[in-house]
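With the hints as extra help, turn the sequences into a complete structure.
Protein sequence lines, in the order shown, are assigned to chains A and B.
Quick note on numbering: this note's numbering labels position 310 of the first sequence as 310, and the sequence is numbered without any gaps.
Quick note on numbering: this note's numbering labels position 195 of the second sequence as 195, and the sequence is numbered without any gaps.
These aren't lab readings, by the way, just hints derived from the structure by calculation.
By construction, the Cβ of each residue, glycine as well, lies at the ideal position given by its N, Cα and C atoms.
There are no misleading hints in this set.
Just a few of them, taken from the derived set where beta-carbon distance is under 8 Å, the chain A residues facing chain B:
| id | residue |
| --- | --- |
| 1 | Glu-185 |
| 2 | Tyr-308 |
| 3 | Asn-517 |
| 4 | Gly-520 |
| 5 | Asp-532 |
| 6 | Tyr-533 |
| 7 | Gly-537 |
| 8 | Ala-554 |
| 9 | Ala-559 |
| 10 | Gln-560 |
There are 2 protein chains.
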Amino acid sequence: MTAALNAVAAALFEQHRDLLARATRACATREYFSPFPETPDRYPDSAAALARGHATFQALLGKPFELDQPGEAGRLGDEVSPYTAAPLGINYPRSDVDTLFRAAHAALPAWAEAGPDARVGVCLEIVQALYAELPVLLHAVMHTAGQSYAMSYAGSGTNALDRGIEAIVYAHQAMSAVAPSALWERRFGSATIRLQKNYRLVPRGVAVCFTCATFPTWNAYPAMLASLATGNAVIVKPHPTGILPMALSVRAARRVLADAGFDPNLVTLAVDSASEPLGKRLVNHPQTAIVDFTGSARFGAWVEQNAYPALCYTETSGVNTVILESVRELEPVARSLATTMHLFSAQMCTSPQNIYIPRGGIDVDGRRASVDEVCEALAAAYRGVTADPKRAASILAAIQSPSTLELVGSMREAGARLGSIVVDSAPYAHPDYPSARTASSVLLRVKPDARELYCEERFGPIGFVIETDDADAALAAATSDVRAAGGITAFAYSTRERFLAAAESAYAVAGAQLTCNLTGAMPLNFAASYSDYHVTGLNPAGNATLTDASFVAARFRIAQSRRPVA
Amino acid sequence: MTAALNAVAAALFEQHRDLLARATRACATREYFSPFPETPDRYPDSAAALARGHATFQALLGKPFELDQPGEAGRLGDEVSPYTAAPLGINYPRSDVDTLFRAAHAALPAWAEAGPDARVGVCLEIVQALYAELPVLLHAVMHTAGQSYAMSYAGSGTNALDRGIEAIVYAHQAMSAVAPSALWERRFGSATIRLQKNYRLVPRGVAVCFTCATFPTWNAYPAMLASLATGNAVIVKPHPTGILPMALSVRAARRVLADAGFDPNLVTLAVDSASEPLGKRLVNHPQTAIVDFTGSARFGAWVEQNAYPALCYTETSGVNTVILESVRELEPVARSLATTMHLFSAQMCTSPQNIYIPRGGIDVDGRRASVDEVCEALAAAYRGVTADPKRAASILAAIQSPSTLELVGSMREAGARLGSIVVDSAPYAHPDYPSARTASSVLLRVKPDARELYCEERFGPIGFVIETDDADAALAAATSDVRAAGGITAFAYSTRERFLAAAESAYAVAGAQLTCNLTGAMPLNFAASYSDYHVTGLNPAGNATLTDASFVAARFRIAQSRRPVA
Numbered sequence: 001m002t003a004a005l006n007a008v009a010a011a012l013f014e015q016h017r018d019l020l021a022r023a024t025r026a027c028a029t030r031e032y033f034s035p036f037p038e039t040p041d042r043y044p045d046s047a048a049a050l051a052r053g054h055a056t057f058q059a060l061l062g063k064p065f066e067l068d069q070p071g072e073a074g075r076l077g078d079e080v081s082p083y084t085a086a087p088l089g090i091n092y093p094r095s096d097v098d099t100l101f102r103a104a105h106a107a108l109p110a111w112a113e114a115g116p117d118a119r120v121g122v123c124l125e126i127v128q129a130l131y132a133e134l135p136v137l138l139h140a141v142m143h144t145a146g147q148s149y150a151m152s153y154a155g156s157g158t159n160a161l162d163r164g165i166e167a168i169v170y171a172h173q174a175m176s177a178v179a180p181s182a183l184w185e186r187r188f189g190s191a192t193i194r195l196q197k198n199y200r201l202v203p204r205g206v207a208v209c210f211t212c213a214t215f216p217t218w219n220a221y222p223a224m225l226a227s228l229a230t231g232n233a234v235i236v237k238p239h240p241t242g243i244l245p246m247a248l249s250v251r252a253a254r255r256v257l258a259d260a261g262f263d264p265n266l267v268t269l270a271v272d273s274a275s276e277p278l279g280k281r282l283v284n285h286p287q288t289a290i291v292d293f294t295g296s297a298r299f300g301a302w303v304e305q306n307a308y309p310a311l312c313y314t315e316t317s318g319v320n321t322v323i324l325e326s327v328r329e330l331e332p333v334a335r336s337l338a339t340t341m342h343l344f345s346a347q348m349c350t351s352p353q354n355i356y357i358p359r360g361g362i363d364v365d366g367r368r369a370s371v372d373e374v375c376e377a378l379a380a381a382y383r384g385v386t387a388d389p390k391r392a393a394s395i396l397a398a399i400q401s402p403s404t405l406e407l408v409g410s411m412r413e414a415g416a417r418l419g420s421i422v423v424d425s426a427p428y429a430h431p432d433y434p435s436a437r438t439a440s441s442v443l444l445r446v447k448p449d450a451r452e453l454y455c456e457e458r459f460g461p462i463g464f465v466i467e468t469d470d471a472d473a474a475l476a477a478a479t480s481d482v483r484a485a486g487g488i489t490a491f492a493y494s495t496r497e498r499f500l501a502a503a504e505s506a507y508a509v510a511g512a513q514l515t516c517n518l519t520g521a522m523p524l525n526f527a528a529s530y531s532d533y534h535v536t537g538l539n540p541a542g543n544a545t546l547t548d549a550s551f552v553a554a555r556f557r558i559a560q561s562r563r564p565v566a
Numbered sequence: 001m002t003a004a005l006n007a008v009a010a011a012l013f014e015q016h017r018d019l020l021a022r023a024t025r026a027c028a029t030r031e032y033f034s035p036f037p038e039t040p041d042r043y044p045d046s047a048a049a050l051a052r053g054h055a056t057f058q059a060l061l062g063k064p065f066e067l068d069q070p071g072e073a074g075r076l077g078d079e080v081s082p083y084t085a086a087p088l089g090i091n092y093p094r095s096d097v098d099t100l101f102r103a104a105h106a107a108l109p110a111w112a113e114a115g116p117d118a119r120v121g122v123c124l125e126i127v128q129a130l131y132a133e134l135p136v137l138l139h140a141v142m143h144t145a146g147q148s149y150a151m152s153y154a155g156s157g158t159n160a161l162d163r164g165i166e167a168i169v170y171a172h173q174a175m176s177a178v179a180p181s182a183l184w185e186r187r188f189g190s191a192t193i194r195l196q197k198n199y200r201l202v203p204r205g206v207a208v209c210f211t212c213a214t215f216p217t218w219n220a221y222p223a224m225l226a227s228l229a230t231g232n233a234v235i236v237k238p239h240p241t242g243i244l245p246m247a248l249s250v251r252a253a254r255r256v257l258a259d260a261g262f263d264p265n266l267v268t269l270a271v272d273s274a275s276e277p278l279g280k281r282l283v284n285h286p287q288t289a290i291v292d293f294t295g296s297a298r299f300g301a302w303v304e305q306n307a308y309p310a311l312c313y314t315e316t317s318g319v320n321t322v323i324l325e326s327v328r329e330l331e332p333v334a335r336s337l338a339t340t341m342h343l344f345s346a347q348m349c350t351s352p353q354n355i356y357i358p359r360g361g362i363d364v365d366g367r368r369a370s371v372d373e374v375c376e377a378l379a380a381a382y383r384g385v386t387a388d389p390k391r392a393a394s395i396l397a398a399i400q401s402p403s404t405l406e407l408v409g410s411m412r413e414a415g416a417r418l419g420s421i422v423v424d425s426a427p428y429a430h431p432d433y434p435s436a437r438t439a440s441s442v443l444l445r446v447k448p449d450a451r452e453l454y455c456e457e458r459f460g461p462i463g464f465v466i467e468t469d470d471a472d473a474a475l476a477a478a479t480s481d482v483r484a485a486g487g488i489t490a491f492a493y494s495t496r497e498r499f500l501a502a503a504e505s506a507y508a509v510a511g512a513q514l515t516c517n518l519t520g521a522m523p524l525n526f527a528a529s530y531s532d533y534h535v536t537g538l539n540p541a542g543n544a545t546l547t548d549a550s551f552v553a554a555r556f557r558i559a560q561s562r563r564p565v566a
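As structure tokens, then:
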């Protein structure tokens with residue numbers, strides 16, 4: 001590394017030192033933190049920036065996306081907006097995979113040599129660059145994933161960047177824990193041996209980061225930044241229906257790297273299409289050292305089984321469970337559940353899906369509410385969410401994939417056959433986008449033996465009420481389903497401390513993160529960076545946690561050299 | 001956990017708090033540390049303790065080994081002493097594997113519930129109990145592995161316990177980094193949400209720990225203690241020719257656990273025989289959550305490929321390389337190499353095997369020494385090591401397996417055919433054990449194209465001198481062989497700083513830990529706990545490092561629960 005390069009990287013580290021310290025403190029205390037305001041109106045020079053962002057997005061449509069990376073061998077891209085039903089008309093360079101790996105490898109030595117602080121400084125600068133890109137990026141997320149404007153801004157913007165910073169914090173801590181050198185001295189018989197020992201951090205090599213269609217950045221940023229900070233290069237493989245958010249992100253990262261004097265090929269984009277998928281080839285590539293995967297449980301399981309000898313970090317999906325045992329008031333619970341089960345049309349890996357209710361009903365402040373009554377309360381709350389199209393638009397947003405509508409259709413048929421439909425699904429009229437692909441959530445009521453329906457993630461606006469023998473059976477069934485089918489979040493409502501304690505223990509072993517008795521303004525499934533651990537790795541919903549030490553500690557290795565000194 | 005149990009475990013943690021603090025400091029500074037004197041004469045009440053230990057060992061011979069663990073379904077054991085050639089005559093309970101898993105699972109909840117400090121206290125007490133067992137254990141290692149008395153005491157005793165403490169330190173740090181709870185507060189719109197969040201550490205489950213024939217405890221103690229400290233149970237699967245050291249260790253650990261009020265079935269022994277191996281069944285057992293493996297590269301590769309969904313930590317083997325470029329004096333280098341290549345008859349995963357020398361010879365303080373001259377110096381040094389049987393016994397010790405002698409035979413034949421024999425192998429007469437299986441090291445001189453011979457670990461007293469075009473070619477060939485066949489240690493001799501810097505960079509990428517220009521009293525391959533990282537995970541010699549954060553961080557997971565507070 002040249003002295004000049006040293007100076008640039010060192011300056012970036014100094015520039016972001018205070019942010020790093022505050023984020024590090026937040027990861028330790030798990031208290032609330034974010035350097036970024038969560039609403040667009042508080043973005044710097046908000047009105048102008050947001051207008052410019054929208055104009056920039058519009059200018060991208062229908063054109064080749066400029067991404068000056070090596071190995072271009074044609075172009076592709078057939079994204080369609082879930083809001084307008086129109087193709088975005090953007091095409092991206094389809095780069096030869098071997099060329100991308102070669103370019104990444106060529107970029108590695110100087111990046112490794114730069115050392116932890118320099119890389120952390122550059123990574124935090126990438127976060128800033130992505131924040132600067134957010135006014136454009138939010139439209140890219142809206143028109144590929146189908147998220148609402150607000151969620152695109154916060155969930156795929158500021159919250160995702162927070163998860164990225166969090167990953168950088170953990171990477172920085174893990175690297176800082178390794179002493180760079182030591183003087184070691186010991187007697188061997190009558191002789192004293194003194195050795196100067198030097199320890200260097202060695203990156204694994206090239207990481208491949210798969211991003212998903214509905215939430216492209218939230219898992220991608222922490223994965224990319226964890227790999228980069230620890231000295232690796234990253235090839236980003238976006239879902240073919242949601243390339244633009246990652247194309248913008250990759251381009252921003254490349255610019256920061258180049259500006260800091262590093263080879264931009266530390267971050268590249270590998271696009272593919274549904275008809276010619278690249279995924280397996282990338283996982284099995286002999287130069288793939290790390291795989292980060294977010295996506296379907298089926299391909300995720302294949303990745304986990306086939307990534308060796310690459311390291312593999314996955315977040316797939318599962319059945320997120322709710323247990324209703326007793327409540328003080330039914331209506332706020334029903335409203336929170338209805339809202340969360342509609343949020344982004346339940347196209348989130350944290351969306352609740354299965355509500356387990358004792359068949360004898362639940363205690364509501366001393367009186368018994370039957371399952372019928374609970375279902376009625378839920379149905380009323382469901383209707384409340386979708387009554388006003390403007391409010392529906394802000395909550396439900398759009399359906400990313402046509403196949404989700406098909407699944408809703410087949411599930412409501414099967415649900416009607418094996419049980420009953422509590423609330424049916426229907427499109428709602430989006431006030432701004434008349435062609436938007438929309439669907440309200442269907443809620444199906446089934447018996448426990450309909451496991452073929454509910455004991456599997458049904459991705460999209462599909463929920464189940466499952467009647468169990470009693471509350472203990474509800475907890476047993478829910479946690480057993482989580483162990484079998486995976487589960488990231490879980491929700492329990494009970495006024496009995498003993499039941500909540502049992503739920504805490506059972507869900508801890510099953511490995512779903514539990515939220516108890518929550519109602520009100522916060523979406524039930526909101527996962528806060530720096531505070532909420534996302535995915536335990538204890539069930540089939542994924543093996544990696546955002547963010548714990550194990551998410552970063554193996555992404556680099558330690559090589560040492562020792563020699564005698566006088 | 002009962003209050004009484006709490007008190008016992010808390011007292012153990014307090015008792016060992018100072019040791020933990022000192023060991024933690026050593027891991028951070030990488031300076032010399034050990035709580036244990038390294039020579040038997042400094043063992044507490046040495047003479048009496050060692051005599052008692054020997055008598056206890058003698059009393060074990062020819063008898064059933066008492067290990068009160070569940071599921072006994074017969075007994076087995078056919079260990080033979082490499083020193084006496086006589087069977088030890090000890091048999092061990094062959095426990096039904098499913099019973100061991102069930103018993104381990106039954107023991108887990110209370111162990112998980114006890115919490116990090118309590119477990120760390122108990123684990124450090126296990127270290128003390130193993131130290132108390134050392135006067136017996138050293139004979140068990142001698143008469144199964146074939147190590148010398150001194151190595152059995154230090155290498156398999158105090159050094160192994162240090163590696164165990166080191167693993168406990170890292171486990172303690174990783175667990176302590178997770179806040180047990182937090183109060184989190186944030187605004188959502190006009191509402192303020194306050195959540196009490198609790199985080200609990202959840203163990204993976206049951207770990208299986210494979211131990212190897214020649215160095216049973218050195219890798220096993222850190223693996224066992226890392227798993228235990230993080231809340232898991234451990235089933236130890238010793239090599240069938242070296243059960244006794246681990247049977248004693250398991251029994252000692254079980255006693256400590258029981259005395260501290262925990263279920264001793266947190267640590268059990270699963271013995272097998274060469275004719276009815278258990279290894280694959282244990283790796284593939286649906287309840288196996290973690291596999292630690294030390295042993296052959298071949299089975300190690302199978303374990304790495306098949307352990308999923310269990311976590312897998314391996315240390316197998318490789319070719320450890322030496323590069324001679326230039327030296328100030330030849331004789332001390334030859335002596336250090338000869339001694340180290342004879343140490344425990346090179347039955348160590350860190351023993352050097354391949355010496356790469358430029359065919360034009362090397363610079364010795366300004367004059368050129370030909371390859372012939374270097375080989376003669378090595379041959380003289382080899383003879384020096386074995387000239388005195390008493391000294392030979394202390395260095396070479398005994399050959400663990402008859403197959404090693406066969407390998408020496410086939411290698412010297414092949415070496416003579418494809419090159420020449422620099423020094424031949426021969427048995428030496430052990431002064432105390434006339435029946436000891438012994439062999440001095442064979443040194444073969446070959447051309448680079450004899451890769452079929454040297455580019456593979458040849459486990460035992462077998463070394464190669466490989467003539468390369470020049471010094472750069474030596475470095476290129478050696479590091480390329482390490483990348484292909486694995487390598488844990490590496491050694492370079494050069495008086496040119498630029499060459500050493502190139503070697504440091506090349507070996508860092510190849511992933512072998514480099515020692516430069518070392519001569520004198522310390523065995524070249526000595527790896528110091530708290531200071532030397534053992535195995536990088538960057539080449540096929542294993543994927544786990546003793547000890548870095550990644551060795552412990554994934555052995556537990558984090559589950560959380562959150563609920564609103566006023």
